[in-house]
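**Student:** Here are the chains, one letter per residue:
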Amino acid sequence: MGQIKLLQGNEACAEGALYAGCTFFGGYPITPSTEVAEFMARRLPQIGGAFLQMEDEIAAMASVIGGSLAGCKALTATSGPGFSLKQENMGFAMLTEIPCVIVNVMRGGPSTGVPTGPGQSDIMQCKWGTHGDHPVICLTPGYVQEIFSETVRAFNLAEKYRTPVIVAFDEIIGHMREKIEIPDKGVIEIVDRKRPTCSPADYMPFDESKGDVPPVADFFSGYRQHITGLNHASDGFPVNASPRIHTDELRLMRKVESNKKDIIRYEEYLLEDAEVAVFAYGVSGRSGKNAVEQARAAGIKAGLFRPLTIWPFPEEQVAALASRVRAIVVPELSLGQIILEVERCAKGKCKVDGIYRVDGDPITPTQILDKIKEVK
Amino acid sequence: MSFNYDQYIRGGKLPHIWCPGCTYGIVFKSLLRAVDFLKIPKDDIALVSGIGCASRLPGYIDWNTLHTTHGRALPFATGLKMARPDKKVMVVSGDGDATAIGGNHFIHACRRNIDITVIVLNNFIYGMTGGQHSPTTPIGHIATTMPYGNVDPNFNIPDLAKGAGASWVGRGTAYHVPALDKLIIEAMQHKGLSVLEIINACPTTHGRRNKFKSATDQLLWMKDTALPITAFDKLPPEKTAGKFPTGVLYKKEAPEYCETYYGMVERLKKPKEGRA
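Chain order of the listed sequences is A and B. According to the working numbering, the first sequence is numbered sequentially starting from 1. According to the working numbering, the second sequence is numbered sequentially starting from 1.
Okay, chain A solo, but in the shape it has when bound (with noise of 0.2 Å):
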């Protein structure tokens, strides 16, 4: 039996990541993220962990590149704004695969925006925020058990698969206290980083006939090794142009695309017999359960699919989803960007109708109720 306890999504977060073995936190102060610092600055000095409040956000998400680097399970968590200057290191992590988890706590925006209000409006931006192409896992819990249990995820999808991964909720559930249970250690398994077994000699950095995931050398563990934010080649070291950089790409995009099985999760509530779906995530899946509960009360068949895994989209469950009901309602706070990959994935082969709002409060189930009885 774990630790119950009382605890707001960002301590949650931070307790997610400790449970997962992260040993080295660099952040920045901002709102609404501000509190998984604050956490982490508390409890990893008690274990000999390092905790780094940098100068800024480029410079957080810069140490915990070298803190992975160096070996440690490393954490950020930011905001808006933060999330932004934080992008172009992050593509370097991508491209050099560093495993890491950056937490973005979602807020209003652009610019400094609504900072104390709720946010779904950063969702494209984790997938297309870096410039060029790259693989991105991002996951959003709805819950505060599942902040701390999609943190703990985040880690050990970021050390499988040797690359960052992004978790992002909104403030609403950022600050939300609620009950939950941190498991016994062991309870959940925890996955690290697969390391070189080979001569130092024989080791490169990215010796694709390893995998599509090759073992990761600690810097000072006798593993020399160049890291370059350049395109490079097997034994690290830059290429300019060569039909290596494709191939190269190619296998950083394969590591996610081709293991979508593992890493895509989400919640089907009341969808067997459903004429109605709603896709929603965060606080609008919470709203969007409750809408469904009400649906089915007045004796409409509403469904929820709540992805716990927003990139890699589910697009083939999305598709399947889209053959079987009438319309998707997509309920998001933004003026309509999840909604863009439902179409997608929906193919013309039901409605799909979004419910946008962008003014610092949650959708309610009201809004998505009124919205299924339009749509069935």
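The hints are simulated quantities; they were obtained by calculation from the structure and are not laboratory data. Check the hints yourself; a few may be wrong.
Pulled a few chain B residues facing chain A out of the computed Cβ check, cut under 7 Å [unchecked claim]:
1) H16
2) D43
3) A46
4) G59
5) N64
6) T69
7) A83
8) N104
9) H105
10) E253
11) L268
Computed list of lysine to any residue pairs in SDA-like fashion (alpha-carbon distance at most 20 Å, straight line) [to be verified]:
12) A/K301 with A/V256
13) B/K269 with A/G48
14) B/K213 with B/P147
15) B/K87 with A/K373
16) B/K13 with B/D62
17) A/K301 with A/E374
18) A/K373 with A/L271
19) B/K243 with B/T225
20) B/K13 with A/D235
21) B/K269 with A/G21
22) A/K255 with A/M94
23) B/K87 with B/V265
24) A/K210 with A/E257
25) B/K42 with A/S199
26) B/K42 with A/F237
27) B/K13 with A/R244
28) B/K13 with A/E374
29) B/K39 with B/Q189
30) A/K210 with A/V256
31) B/K42 with A/G222
32) B/K87 with A/N240
33) B/K269 with A/I47
34) B/K42 with A/S221
35) B/K42 with A/A201
36) B/K13 with A/S242
37) B/K13 with A/M204
Don't be surprised by glycine CBs; every beta carbon is placed ideally from N, CA and C.
Once you have looked at the hints, place chain B on chain A.
**Tutor:** Just chain B, lined up with the frame of chain A:
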């Protein structure tokens, strides 16, 4: 017996990318001699860089090397050092990388006084992108983005480092090589954040546009313009105009960041003194 550079250079990675007449090769060799003198095992040292000509140096050296994003070498290095405070971490940067795009990281690394050796290769120009003015391009000098002569005021890198809190600050040149070896050794021996500015020459994008007929002329300019700090300090201001001091310009005793942080960690292990 001549020095065996091959023991530190990665096989097959030369020739380097630097232009003929570039002085970075001189610094490269000086750095290898210094580390050899200090007997630091290859596995125990990391060299981190950002973007620019100077930032390509780590790729040639058989250590743990990390070529990061523009201006950000120091926070990457800070992460490495905090995770492994027992290891030696160095940064090599250029004038634009360290003091323009990386200026914020530079001053905060100095303030923190974390045990990292920072070598700034100042060639007064953005060389890799073809000769745009940097925070150290002399006033009046021609750059591709200052075609009528530079009007953008300068940073003095050692003054900046000292003002920001670095506990060891020095300056050498690519001309005064035996002195440079000693400066790199001392910078690396210092516990805390050390900044060594090394005056370099970029004949391709700076020198030839600014009345230096050859790379040699730029080295001779260093010879004529540098004054050891001991001599510099004794001269009246009118005699030092246009000259720059070299050597160990400043040092102080100050708490090193990792020692302070992990000292706190040790304190927390004692239940009565630690905070819950």
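**Student:** List in ascending order the numbers of the hints, as given earlier, that are violated by the structure.
**Tutor:** 1, 10, 12, 15, 28 and 32
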